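Engineer: Below are the chains, spelled out letter by letter.
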Amino acid sequence: MIFRLRVVSVLAALLAVGLLAAPNPGLAVEVAIGEKATEKDAFLFSRLFHDATEFSVKMGPLPHYRAYKTDAATGAKTLLGFLFKTHEVEPDEWAYAGPIETLVGLTTAGTITEIRILYHREPFGSFSIDPPEFRTQFEGKSILAPFEIGEDVDAVSRATFTVDGAARAIKKGSRKIMQQYLAEQKKAKK
Amino acid sequence: MKVLLRSVFALVLAAAFMTTAAAQPAPTATEPSAAAASPQAPSLADLEALMEEDAAPDRPLDRREIMDLAGIAGFLALALISFWRKSTPLKYATMAVAIVYMGFMKGNLVSLVHIFGLVELSFPIFEYNMAWYALMIFTLASTVLWGRLYCGRICAFGALTQLMDRIIPSRFRYELPRSVDRKLIYAKYAMLFGAVGYFLITRDNFVYKYIEPFWMFTLSGTTVMWTLLALLLLTTVFIRNFYCRYLCSVGAGLGLISTLTVFGIKRWNQCKTCKLCDKTCEWGAIQGLKISKLECVRCDDCEILAADHKRCPHWLMLKKKQRKLAHLVHDV
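Protein sequences, first through last, are from chains A and B. The first sequence runs 572 to 761 under my numbering. The second sequence runs 48 to 379 under my numbering.
There may be inaccurate statements among the hints.
One-sided and incomplete, this derived list gives chain A residues near chain B with beta-carbon spacing under 7 Å [unchecked claim]:
{"id": "1", "residue": "Ala680"}
{"id": "2", "residue": "Gly681"}
{"id": "3", "residue": "Pro694"}
{"id": "4", "residue": "Phe695"}
{"id": "5", "residue": "Ser697"}
{"id": "6", "residue": "Lys743"}
{"id": "7", "residue": "Arg746"}
{"id": "8", "residue": "Gln750"}
By construction, these hints were calculated from the structure, which means they are not laboratory data. Given the structure is predicted, the values throughout are model-derived calculations rather than measurements. Glycine included, each C-beta is placed from N, C-alpha and C at the ideal position.
Let the sequences and hints guide you as you build the complete structure.
Structural biologist: The structure is reproduced here in structure tokens:
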């Protein structure tokens, strides 16, 4: 009886400590809307949009950056697409052990240029989403594609939860950013 | 008979390794989808229709999810049947399925990572992880009801080391002296609290890789990890269930929960003096009348023995008494 009490109190104490420490994952320094991207991010941006000559500050309401190309001859600036981090747009899309923080490049035509996994805590991530095969399969993918594991996204057995979670966040995040852009354009036309 | 059993187990293990080697995900380069070629932006209406579909609360389960759920339901049913019927062949069948299906095919084991998740109250999304929730709920419920059933037959690694013990000739076996064993069993609690403490301070959940061998079912690890695993398995050859008994933090956690067990193992009065079960128990959980719930994994060995009318002293003494009584009646 005394032992049980001890066990229960230990479990309760553990839980209390966890709760106190709970609101945690503040891992990366997040840039506020209206500010410039960090140097590290900006480096990745140019990898996702090779042609871009300029990147915007962080924009809202759904946090994202915009990639522009300036024509050297005419000086005209065209919008190439958007860059966003899945956990900023879809923070509730978790895989196994938390959000899979992914940087996505998205063209104005609604296709993904490339993605980069920035951070995750997936126990089986090392062989499911970390290998380059995972990210290359999203290159040029339309955001209207089904994003079904085993169909148009490669299934990695033993880690379907992780792959599923990552693909879901990319799909939903991209669609939201695109929706925001299209709605903005519609409003501008009016 | 024993030789036959051993070779069967060896075959099962070999088959398990082979199926997983064959099932290795081949990295395939996927072609960009057809839609990528069209430069036209999707219309707002199309996009919103798709997004509505995504957000639909009554999303039907897809084929893969149904297969996963059916698989785990079937496996858990097999485990429960083997437990309720106290059937040794069925128990070994459960273990074989645990290694092949739960281990190598699905990588679905309760791990330190889940304890970390529990500690910080972060859980995967229910809608997409039902098979995982099924395993977790079963594990917690069965531990409260019967004890560390999970360790005994659901856990793929536990099943692996227990089957190893059946294959490896017993002459290799070395039993640790009781006094050492009694001290070493606390090491797993140190592992558990150490790991949870480390996690709470650093928030680094990848520490599991170095204090838990369950990643082996994914067949992907660093040289250091493989070396540690090899050492562990080598130790297991000589000291059976070494990891489960002395080092497993998940087992330690379940052991703490199992102190609340509702349906324990029934014992006879004679157990006080008889040492038969003490010697049978592979887990060193029995000392006379007392079975340590922290160590017991409900492997059925002592329960089968206690029900055996030909071997258990309880029944033998009962028979003797009955015979005496019959004699008396006859004499009168």
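Engineer: Arg746(A) was flagged as interface toward chain B. Is the shortest Cβ-Cβ separation under 7 Å?
Structural biologist: At 5 Å from the nearest chain B Cβ, Arg746(A) passes the 7 Å test, so the hint holds.
Engineer: Measuring from the C-beta of Pro694(A) to each C-beta in chain B, is the shortest one below 7 Å?
Structural biologist: Status holds, d = 5 Å.
Engineer: Hint Lys743(A) vs chain B: min CB-CB distance below 7 Å?
Structural biologist: holds (6 Å)
Engineer: Grab the minimum C-beta distance from Gly681(A) to chain B and call the hint holds if it beats 7 Å, violated otherwise.
Structural biologist: It holds, given that the least Cβ distance between Gly681(A) and chain B is near 4 Å, below 7 Å.
Engineer: Taking 7 Å as the limit, does the beta-carbon of Phe695(A) come near enough to a beta-carbon in chain B?
Structural biologist: holds (6 Å)
Engineer: Going by Cβ atoms only, is Ala680(A) closer than 7 Å to chain B?
Structural biologist: holds (5 Å)
Engineer: Was the hint right that Gln750(A) lines chain B, CB cutoff 7 Å?
Structural biologist: holds (5 Å)
Engineer: Min Cβ distance, Ser697(A) to chain B: is it shorter than 7 Å?
Structural biologist: Holds - the Cβ of Ser697(A) comes within 7 Å of chain B, reaching about 6 Å at its closest.
Violated hints: none; the structure is consistent with every hint.
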